[in-house]
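Chemist: Chains as they are written, first to last, in my numbering: chain A, 1 to 430; chain B, 1 to 1135.
Keep in mind the hints are simulated off the structure, nothing from the lab.
Careful, some of the hints might be misleading.
[As the list claims (entries may be wrong)] Using 25 Å as the maximum straight-line C-alpha spacing, the simulated BS3-like pairs for lysine-lysine come out as follows:
| id | chain 1 | residue 1 | chain 2 | residue 2 |
| --- | --- | --- | --- | --- |
| 1 | B | 42 | B | 781 |
| 2 | A | 41 | A | 347 |
| 3 | B | 781 | B | 334 |
| 4 | B | 1053 | B | 1001 |
| 5 | B | 187 | A | 347 |
| 6 | B | 187 | A | 41 |
Please read these numbers as outputs of a predicted model, since none were measured by experiment.
Take a look at the letters that make up each chain.
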Amino acid sequence: MRGSVRRRDRCARFRHPSPTGAPLAFRFVHTADIHLDSPLKSLALRDPALSARVGAATREAFRGVVDLCLREAVDALLIAGDLYDGSQTSMKTARYLAAELGRLDAAGIATCIIRGNHDAEARITRELVLPPSVTVFGAKAGVRRLGDVAVHGISFAEPHAPNSLLPRFGAPQAGAVNIGMMHTSLNGSAGHDVYAPCALADLMASGFGYWALGHVHRRSVHLGAATVVMPGMPQGRDIGEAGAKSVTLVTVGDDGRIGVEERVTAVVQFQRVSVQAAGLADWPALVRALQQALRAARRDHGAPDLILRPVIEGADMLAWRLARDRDLLLAEAQAEGEAIGTVWIDKLEVAGGPGIAPAGALGELAAMLADPGPAALAEGAEAVEALVRALPAALRDRFGTEDSRDAMVTALMAEGAAGVLALLAGGEGG
Amino acid sequence: MRLRRLDLVRYGRFTGGCLDFGAPVAGAPDLHVVYGPNEAGKSTALNAWLDLLFGIEAQSGYAFLHPYATMRIGAEVETGGRVLALSRIKGNKGTLLGESDRPVPEAVVLGALGGLDRRALREMFSLDDETLEAGGNSILDSDGEVGQLLFASGAGLAGFAPGLAALRKTPDPFFRAPRSGALTEMKARLATLDADRARLDTDARGYKRLLEARDDARGVLEAAEAGRRAPMAALAGVQRRLAALPSLRALEGVEARLAGMPDLAAPPQGWAAELAALEQARAAGAGRLGALCTALDGLRAERAALVPDPAVLAERGRIGAVAALRSGHDEAVKDLPARRGEAAALALRIAAALDRLGRAGADPAQVLPDRAAVATLRALIEARSGVGQALDTALGEVALARGARDRALADGAGEAGVVGDTAALALLLRRVQDEAPVAAHSRATEAVDAAGLALDQRLRSLLPWAGGGVELAGLVLPGPGVIAGWKAGGAQASEARATAVADLRRLDAGLAGGVVAEVAGGVTLDTVAEARALREAAWAAHRAALDAGSASAFEAAMRRDDAVTARLAETLAEVRRRAEAEVARAVLVQERGLAAGRLAAAEADQQSLDAAMAVALSACGLPPMSPEALEGWMALRRVAVDGWDALGAARKGEARARAAVDAARAGLAAGLAEAGVSVGPDEGLTVLMARAGALCALAAERVAQQQAQRRAVAEVTLREAAEAQARAALAEWQGRWVAALAAAGMAAGHSVDAAREDIAVLEGLAADHRAHVELADRVTKMQANEAGYAVAVGALGSALGMVAEASTRLADAIAARLAQAAATAERVDVLEGKLAVALREAGAQQQALEATEARIGAMVAGFGAADAADLARRLALAAARVQALDEAARLAEALCEALEEPDAGAARAALAGLDRDVLTAERQALDDEVTARGAVSQAAYAALSEAQQRLDGVGGDDAVLHLAEARETLLLEMADEAEAHLARRLGLIAVEHGLRRYRDKHRSAMLDAASAAFRTMTRGAYAGLATQPEGAREVLVALSAGGGSKRAADLSKGTRFQLYLALRVAAYHERAAQGPVPPFVADDIMETFDDDRAAEAFAVMAGMAGVGQVIYLTHHRHLCDIAREVCPQVRLHQL
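Model the full assembly from the supplied sequences, consistent with the hints where possible.
Modeler: Below is the structure:
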């Protein structure tokens, strides 16, 4: 109700400038890196119940963004690149996008989109007719006037853009609040340097009021001469994209001041959970620590569902027992998650060293295994090769190429040997 | 672990044996040599050590002296820095005891053994000849790898190899070659997901194709529609013209009809209809008026014919009243005779009743008593029988009770004397009866007799020993230790004697067989010299002669010489043998002397033992006998002593029983005296019991009699009271009866039956009297009704002037006349009403007719017609013309509309000259063309719909997303499983290789140790040990100092045993390096070692004693000397 009233007011003010000619409040939602219909990656989704709940999480999150626009009766939605994954080839995705943007169009809300590196690979929107209120900026700088606000944007034409796109933007328009849309790794984002890097200082000095950025999945806000916002993604897809995920609601005041609010949109949140096992001597104590950590995580994070990865840290006395019974501990975690109801377990990680080595012969044998020796490594490499040949193509690279296999064999061998020793020793050392 | 002391408390032949190894001495090797001759118990001590650690075996061979229940081994053991005092007894559990014989857990010792079980300890570190060899072979043969047991157990990783093999064999659920396991199943699921996606999904290119297909279909549809439009328009034109042709024909017909019509002025609207209505109204009005006049005439005639009767109508009320009396009159006439008869009959019955009551002629009303009096009488009559019966019953019971009382009193009168209180006596008697002391005493006496007999029998079995039970019990016999000593001494002497006898026998045989025979042949040196001289002479003769004779002579001489020489050689050999035999014989003779000495010593031992035994036995009053016989006699004595004890017990029982009898008799005698019965001293318990029983029975009978008398007297009193009560009730009834008779007006002396009869008569009289009064009343009323009715009818008849006659007939005539008069009056009223109505209607009809006529006239005049009929004709003509004009206009309009022409003229022009058939043919042709083009369009439309549908079918649903999600999850699962599989697999590989390296490392260390020990013990004859592959396994070989190698089986027994010992030595050192070791115990394992190698072996064991405790048991004194020589700190012990 409140929304509809505001909507009316806004239309009136927007279409008919005030008698003094001063610009009136302009509100928009800024998001990026939606990766629409990109599947979640977690072993927790083996549980059909979770799969049914959050299987379409990126869609649900995007629907949430559109709902937010409608509820807040904003003037525009800005999507700063990577609407899709490059691998996204289903026209169903594009149709869904068109339908959601259609809801904004029907409510008179404008949509501005630039293509990111991933979109550059995607072909699916080209065949689709988007609603008239949607502007997709091209590889050359474009401007869309929305009343007293000028939205500038440049899209990625290719998956890689080694040079800054900033010099290619037009000058800010006089008498308007200028907003720039750019997909960039920004400076200091290591490993992202082929994605249109640019310096924050340059953005601040550009004369634009607001920079709507995209590409980096972690949210960051920089205030200064310009407000520069990397909104992060609205929905994380795996444990690498852990944490709360959100969009940014921006208000450009009548006096040109810009206000920024974060609005959480993720329907499911990935999170690592540290479980301190140092000094724990018996298994039930470890299970209790794990349960407490899971409950604390549920208390601390607000997303409707949580996919957690417990990381057992500092296990010393129980290290050998852990090497043997990690599956039992995982089952405990899953049972606790089930008891909580909205907590799901991705997998269980054990961090830290080998723990307290057992004394006597077993300890001596364990120490000898630190260097498995060339014969064992060669036999191990053969075993890996045999399995890799049997794996589907999509998985083969996970086990390294023939050149890079040794390190992987050594690591897996160390992990496996600890488990086998623990199994043979019958749980010695815990 | 260290053994400080071993106590053979009761174990094997030991009783209280002890081996004390003492505390360890710092800096000195913990080496102990225990010397004991044969049979001293070395093997027993070794076995006791194992039994102490692991429990006495279920079927122990060391229970020949001390039975299982008494076997016991003790020890002081040092472990973990403490000294534990432990004992082991035989049993199922809790057999290891600590301080104060409290059971201690087995783990106390097992823990200190580092996982060695009995078999392992026996084969590794508790050795005798047998286990040294068996264990050594099992080490060499152990499955596929040299000394796996030794190395593995020595290294503490026993069980790893089989565990690893089991893990290796466990099938991997994820990946099994070539196409099984979860991976294969997952790949199949992946393929299904991909196929589902391919089926459900549309990519950009596919979508573009769908769009193009839709647009193509739309183009085709539009072209088809365009081609269909022209023929459709042409067809519409032809159809219009064809449809217009009939309209044109109709228009022309109407126009022709109009041309033939006169041009009349149009009449006002509705005239034609009005005229027709007026004509119709006029004819109807005239008809109705005629009918009304006819009806009026009829009504008037009927009215005139009616005559009214007002007189009778005036009397209508009185006539009604008289008619109401008619029913009473009629009923009286009918019933009166019967009712009068009934009244007479009742009067007769009343008179008769009064007569019976003795009141003839009296007024019944005066005679009848009131109801209450009669009711009282009835009640008293009913009560009378009850009151009387109660009295009769009471009288009878009083008589009965008095009779009973008199009998009871009479019963008790004859008894004399009073019996005292016997309750206590009865109780006492009961208890004595329950206890039955006499029977118990009799049983006890029998038991004493039986025990006495048995004892006598057992004492007889002890003959020649003579004496009674007391002497037997007091007999002091030699203890089991003494007897065992005798037995052992006897056995020893007997064994020594047997050995000596056997030796003597053997030596005698040797002496007998060794007699040196005289030398046969008797060749002497002289004979030889003579033969040689003869040969030499023959040779010289032959050399001189060189003829056949000399040759033969020489040959003969030579042959004789050879023969003599041969015999001489034999003789010499014989002589040598004889000399040797004599030496041997001398030895034998010497040995025989020794053996005879041993025999004499043994016999002397036996005799002194026998003498000692005889002295000891005679002290007990026994003749000399063997220890075994003594043991047998002692067993019989134990039985006899038991019999003596049993007799004693039986005697005690008999005394107790006798005391019980006396006590019972005393009790009863006192009880009887109390009851006033004197008891003789000779009367036994049984007699007293009988007397007490009789006394008690008599007392009980007396008490019962007295109770019966008291009950009878009380009963009489009770019954007499009941009788008095019944009499009072009867008197009361009599009083009430007299009063009731008076109240009912009956004679005071009336009996109950007379009264009952009078009451019945009175009840009948009362009913009859009531009926008679009612009947008389009814007769009177009926007579009044009859008379009243006649008077009323007569008065009415005269008032109406009618002839007087019987009342009923007159009444009927009056009623008929009234009915006639009433009917006439009613008809007159009806007719007059109808006349008035008919007159009003006729007037109105006349007026309406006149108005209709006037209107018709006005219309005829107004239209200038001759009359109404003319007017009607003119109106019809005008109406037809107007209709035709309207039709023409409508047709013209329809024509214009059909042809889409502006006016009729143009329309007519358009149709001018057109032929219907030509048009029809043209329409058919166009119709066919349009149909054909329509089919094309339809197909194009369908194609467009389908293309559009396919496009719409792509949809924005999340089916593909869910498939992608499932695929991603499946891939993750596969990766995870693959990683787990590889970790497992690689872990196994790493541990297998690691374990092998670990074994190699330790094996080489042990092999070095074993090599060194072996080299030392063989005094360098062997350089060491090595392994070498043989088929699938490795075998251990000994490396000879001079090069070359030998398998263990190929070594001499002594060297092989040295190899076995070397392996144990290496294992002991290896184990000691890992932690504490148990003592190394060996029982004469160096039988096959020469002294040098034995010395080296002691040196090696001294080395072991530096890291653990070494105990060597031997029966060779010289080994003790060697040990002391090699290791001066060795501690020697004697067993």
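Chemist: Work down the list of hints and note, for each, if the structure agrees.
Modeler: Results for each hint:
no. : hint            : in the structure
1   : B:42 - B:781    : 160 Å, violated
2   : A:41 - A:347    : 12 Å, holds
3   : B:781 - B:334   : 14 Å, holds
4   : B:1053 - B:1001 : 30 Å, violated
5   : B:187 - A:347   : 22 Å, holds
6   : B:187 - A:41    : 18 Å, holds
In the structure shown, a violation is registered for the earlier hints numbered 1, 4, in ascending order.
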